[in-house]
Amino acid sequence: MPSKAKTPILEVTHLKQYFPVKKERILEAKRYVQAVDDVSFSVEPGTTVSIVGESGCGKSTTGRAILRLDDPTSGTIEYNGQDIAKLSKKELKAFRGDIQVIFQDPFASLNPRRTIRQMLNEAMSIQNVMDKTKREDRMLELMDLVGLPYDSLERLPHEFSGGQRQRLGIARALAVNPKLIVCDEAVSALDVSVQAQVLNLMKKLQKELNLTYLFISHDLSVVKHISNRIIVMYLGKIVEIADNEDLFQSPRHPYTQALLSAIPIPDVNVKRTQIDITGDVPSPINPPKGCRFHTRCPFATEHCRTVEPELRTINNTHQVSCHYAETLSF
Amino acid sequence: MDQSLQDIKQSFKQIRKERRKENFKAFFETFLKNKIAVAGGVLLLCYTFVALFAPWIAPYDPFEMDLFNKLQPPSLDHWMGTDDKGRDILSRIIYGSRLSMGVGFAAVLFGASFGIMMGMVAGYYGGWVDAIISRSLDVMLAFPGILLALAIISALGPSLFNVTVAVGVFSIPLFGRIARGSTMEVRHMEYIEAVRSLGGNDGIIIFRHIFPNILSPLIVQGTLRLATAILSAAGLSFLGLGAAPPSPEWGAMLSSGRDFFFSAPYIAIFPGITIALLVMGFNLFGDGLRDALDPRMKS
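Going down the list, the sequences are from chains A and B. Okay, so the first sequence: first residue is 193 according to my numbering, each after it adds one. Okay, so the second sequence: first residue is 6 according to my numbering, each after it adds one.
One should not assume that every hint holds.
[As the list claims (entries may be wrong)] Heads up, simulated SDA-like pairs for lysine to any residue below, C-alpha to C-alpha not over 20 Å straight-line: (1) A:K208 x A:K222; (2) B:K22 x A:N313; (3) B:K22 x A:L348.
Hint data in this document are derived by calculation from the structure and do not stem from the laboratory.
Starting from the given sequences, assemble the full structure and let the hints guide the process.
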């Protein structure tokens, strides 16, 4: 379990990411998709923090902001205590080397016209990782690390299967010796047996290279397998943050509970309390007032409809944003 | 261990060589399956050969007048006859291939390089950069090609070089739009984002990652455009705006044959057939290339 004393490698505070909506009429007031609305959390080195939630809850947008692929509307992201929006050109380049990404779609994340050698060589040369003459050795080492044959280097992406491509994506990320890797739905496109292989590989690499993962996924069973800490998001807000076992043992937010009860258990005799949430996710252009989940929450009261709950700490590592977190029992 | 690593690295070179051969072979195999495209390709090869070796192939000097033998119909001495000044038409067509094809290639190269650059920049940056570039391409596209060329030539004066520029300019928007559209499609691909998150700058992204991935439709368009460019250049010369009289440019030859169309039709017919065959060759070849270059066709 990560100790509180460690300084976080990544600290996100009050991150907001709004995207303007195209106006349909000229005189219409400008509207925004509130993709991420006031999100704060931190990641400690050497751990895996996961962000889970339905599609459209803002988890990928958070990841993109951390990678500095999009500039946030407001809020700060600090990497090792440094605000990433204020990096100099040189610092930004170093930051780009420290934080890497593994994408969801293994068919879109590799340039179809460049061999694996070209891809890895480019990564190392952009970051100037090592002497030219040593790069080939490093490439062979990387192939060993991700468990692919050496002659993969001369091949083009279309010659690999989905799982192999994901390994190549990992190899590219590792080529520049990163500290933190953002895994954006990194295994969602793979079938279950391959998912397990890739996840185990990632776990192994984390141990060997002392990596930190920010793992973005919609799949709770995957998240349970890999995370130390889990962040649950709903409609651009964090509803609950807790350590892995804590979250699965005693979820405090009705939404988390609903998500957990939706995981199938392969046993017909198990009795379970299913929490049904009805309806669709409301639009992030016009999120509900008060608690954003109240439109679908079976426990919602008048208080929930008007007052927005804060994300508050209920025991030292468990945070939840529900007015009735202590009183609700599932 | 070190020895075996050396062996592995050595074997890479071998693999690379073999794979280059394989790729080449795969490309040719797809291409050769398309019989019509092959016919187009052979036609183009013949034309290129003729243009390259014109002085050795041509039976006569294309500029030498022989007034005793003017307006001769095709015979064994003059396969395509002679024109009103007694010059051998076959020789003139052979030499003219250098001019006509040269103008075509230069014009397309000119139009394509400007068009592709503008299109990629517009597509990649979007926003107001895109708005400015796209609107100016639209303006150019709004003019009928020949009219734009006429305007440019009347501004610059008639010469073969200016014809090249004019034809090149009206090819710009065509390449620009294709490049812009394809760039917009590619720029949000995850592999581009991966390069960005590695710290790769816009130059690396545009030239190393976007350009190769939008190249195939542009090559195809380029081949097809060559046909149009040669035709337009010949057309402008026909109107007297391009090559000056003695030069054996095909369009100019066609034009000079106009006056003798009833008495000596071969003066105009042979250059006409030559242009038509070349244009057809480019079109067939371009269609074949489109199929062979599509990476999805490779297994």
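Okay, the hints, checked on the actual structure:
Taking the CA atoms of K208 (chain A) and K222 (chain A), the gap is near 17 Å; set against the 20 Å cutoff, the hint holds. Restraint check for K22 (chain B) and N313 (chain A): the C-alpha separation of about 19 Å stays at or below 20 Å, so the hint holds. As the CA atoms of K22 (chain B) and L348 (chain A) are separated by approximately 14 Å, the hinted pair is consistent with the 20 Å bound.
In this structure, every one of the numbered hints holds.
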